[in-house]
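A.B. asks: Read off the chains here:
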Amino acid sequence: MRRFLRRPGGLAGAALLAALVLAAASAGWAAAALGQDPFTPDLLGRYGPADAAHPLGTDELGRDVLLRLLYGARVSLAVGLAAALTAAVIGTVIGLLAAWAGGAIDAVLMRVADGLLALPALPLLVVLAAVDPAHIGLPTGGGADIVRIVVIVAIFGWVGVARFARAAALSVLRRDFVRAAAALGVPGGAILRRHVAPNVMGPVTVATTLAVGNTILVESTLSFLGLGIQPPTPSWGGMLANAQEMVFAAPLLALWPGLCILLAVVACNLVGDALDQAFNPRA
Amino acid sequence: MILGRLLQIAITLVILSACAYGVIGLMPGDPIDVAIAADPRLSSEDAARLRALHGLDRPLAARYAAWAGGVLHGEFGYSRLYAQPVATVLWPALLSTLRLLGLTLLVAAATGIGLGLIAAVRRGTATDAAINGLAFAAMAIPAFWLGILLIILFAVRLGWLPAGGADTPAALILPVATLAIANLAAYARHTRSAMTEALGELYIRTARAKGCSGARIVFRHALPNAAVPVITLMALDAGALVSGALVTETVFARPGMGKLIYDAVIGSDYNLALLALLLAALVTMLATLAADLAQMAIDPRAARRARA
Numbered sequence: 001m002r003r004f005l006r007r008p009g010g011l012a013g014a015a016l017l018a019a020l021v022l023a024a025a026s027a028g029w030a031a032a033a034l035g036q037d038p039f040t041p042d043l044l045g046r047y048g049p050a051d052a053a054h055p056l057g058t059d060e061l062g063r064d065v066l067l068r069l070l071y072g073a074r075v076s077l078a079v080g081l082a083a084a085l086t087a088a089v090i091g092t093v094i095g096l097l098a099a100w101a102g103g104a105i106d107a108v109l110m111r112v113a114d115g116l117l118a119l120p121a122l123p124l125l126v127v128l129a130a131v132d133p134a135h136i137g138l139p140t141g142g143g144a145d146i147v148r149i150v151v152i153v154a155i156f157g158w159v160g161v162a163r164f165a166r167a168a169a170l171s172v173l174r175r176d177f178v179r180a181a182a183a184l185g186v187p188g189g190a191i192l193r194r195h196v197a198p199n200v201m202g203p204v205t206v207a208t209t210l211a212v213g214n215t216i217l218v219e220s221t222l223s224f225l226g227l228g229i230q231p232p233t234p235s236w237g238g239m240l241a242n243a244q245e246m247v248f249a250a251p252l253l254a255l256w257p258g259l260c261i262l263l264a265v266v267a268c269n270l271v272g273d274a275l276d277q278a279f280n281p282r283a
Numbered sequence: 001m002i003l004g005r006l007l008q009i010a011i012t013l014v015i016l017s018a019c020a021y022g023v024i025g026l027m028p029g030d031p032i033d034v035a036i037a038a039d040p041r042l043s044s045e046d047a048a049r050l051r052a053l054h055g056l057d058r059p060l061a062a063r064y065a066a067w068a069g070g071v072l073h074g075e076f077g078y079s080r081l082y083a084q085p086v087a088t089v090l091w092p093a094l095l096s097t098l099r100l101l102g103l104t105l106l107v108a109a110a111t112g113i114g115l116g117l118i119a120a121v122r123r124g125t126a127t128d129a130a131i132n133g134l135a136f137a138a139m140a141i142p143a144f145w146l147g148i149l150l151i152i153l154f155a156v157r158l159g160w161l162p163a164g165g166a167d168t169p170a171a172l173i174l175p176v177a178t179l180a181i182a183n184l185a186a187y188a189r190h191t192r193s194a195m196t197e198a199l200g201e202l203y204i205r206t207a208r209a210k211g212c213s214g215a216r217i218v219f220r221h222a223l224p225n226a227a228v229p230v231i232t233l234m235a236l237d238a239g240a241l242v243s244g245a246l247v248t249e250t251v252f253a254r255p256g257m258g259k260l261i262y263d264a265v266i267g268s269d270y271n272l273a274l275l276a277l278l279l280a281a282l283v284t285m286l287a288t289l290a291a292d293l294a295q296m297a298i299d300p301r302a303a304r305r306a307r308a
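Here the protein sequences line up with chains X and V, keeping their order. If you read the first sequence in the working numbering, its first letter stands for residue 1, the second for the next number, and so on. If you read the second sequence in the working numbering, its first letter stands for residue 1, the second for the next number, and so on.
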């Protein structure tokens, strides 16, 4: 922890991330303070300039841009965190299983991982995201949308974590103290819990933090393509999709959501890199 | 080794095609639904008859087997969206995407390696920090946003370049720039770390002691050894590049593979979507294989590792 705090990059990233989380949390309060509703179109107030009531102006339907950015932050951060954590849990389990079981199970799991890594992710994500949840009897709309994106992103996201977890677990399993524990008759579950898990935590934490940034990028890309979070729920990617059609009329609309995505991803990557260096001081 | 890899590619394609075939059946609107929507006079009996005629009432596995058998015999079927044989639609799109990706790879690798070299030679200076910061930002920037920003600046404000469209050389500049910037960061970072390591080796000190010039040391002694990780990166990055092509082509309305997959998925043109997806996967995996082979040609140690 102390080593992490000594990295200026990590500290800046953590501060930036905290600021974004605070901003997302304050969305409802900001809406009340400004007396604006970011969900109701105001067709008389389209493309409004920045003023006291609308600090960043209004969008193509007359909705407040700042408030939509704040509500979009909730979606992007929640999806990023949830998908990265889901992927991390799946990846850790698979990585540990592969390292522990070895042999055919390891070979099959790693071939699957190689296969997924070799494929172009986005075209596959586009195909998966186009699946109509109603066809498999699942609910659609607001919250279900977020769950859908989390699941889709996690299907591809576990591979990176699994490889880190497997490599870390393999290196621990070969160490003398683990062999000694096994020779002393310590049961497998206890070895995994007491010796392997603590040593795997570091790489998994780093991979997960970096995955959060990547997930935010993927979600915003899917939403930009119209396959992610569906309107009227505001998302940064979705706001950019609308803004692209308006680049001639209102180029500023395209500026803010992209800047938010960039800041969020930079913050996650800064924290991830600093964690990496804190866990591996020599690297 | 090559045979094994080709076999692996074939297996991946078979599994992918089966999964994708199943998934695509879950998308909204099967072809008969679409036909009914287009012609209100069709009754539900007509729909059932059409389903039976086209074999859509058979189980999924049987339909997949029939489809896969056709593809293996070179029958790729028709694209509903373009009302043309799929092969006729895919071929020009593939060429367009390969042109975009080839140029992007050249620009991204050349710029990234150049920046990485400068950063490694000037390690610890403000130049190094600036390049590192640029690479960090380039890695985090959403490619579609970068594309929109470039359109706003160069097409809307300055009016120097077209905002998108087909294959004139001028229309290629902004897409290539977008995709190259989004991909060059990894090259810069990898080159920097590989060069830093190479410059610390004993043979570099020997060369310096012999009185070699600085430029000769960097380009003759260190750079060839730093090339290997960079080529590894090219192999790893093929998928990211194809993914980037989908975004870039959509933003700039370029008629390539990525936009084709996207349009086919959105427009419920499932046969086209499926075959375009498989072709994109095949191209990606072949590119990865090519980069791996190039790496082995340069570094015999990698070849030995692959055989082991």
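The set of hints was computed from the structure by calculation and includes no laboratory data. Don't be surprised by glycine CBs; every beta carbon is placed ideally from N, CA and C. Please note: incorrect hints may appear among the correct ones.
Unchecked claim - Each pair of labels, with its calculated beta carbon distance range: (1) X:V93 <-> V:M1: 27 to 33 Å; (2) V:R122 <-> X:G9: 15 to 21 Å; (3) X:A183 <-> V:L202: 47 to 53 Å; (4) V:A10 <-> X:V93: 37 to 43 Å; (5) X:R175 <-> V:L202: 42 to 48 Å; (6) V:P300 <-> X:V147: 46 to 52 Å.
A.B. asks: Next, verify each hint and record whether it holds.
C.D. replies: Going down the list of hints, with the structure as the test:
no.	hint	in the structure
1	X:V93 <-> V:M1: 27 to 33 Å	holds (32 Å)
2	V:R122 <-> X:G9: 15 to 21 Å	holds (19 Å)
3	X:A183 <-> V:L202: 47 to 53 Å	violated (41 Å)
4	V:A10 <-> X:V93: 37 to 43 Å	violated (29 Å)
5	X:R175 <-> V:L202: 42 to 48 Å	violated (31 Å)
6	V:P300 <-> X:V147: 46 to 52 Å	holds (50 Å)
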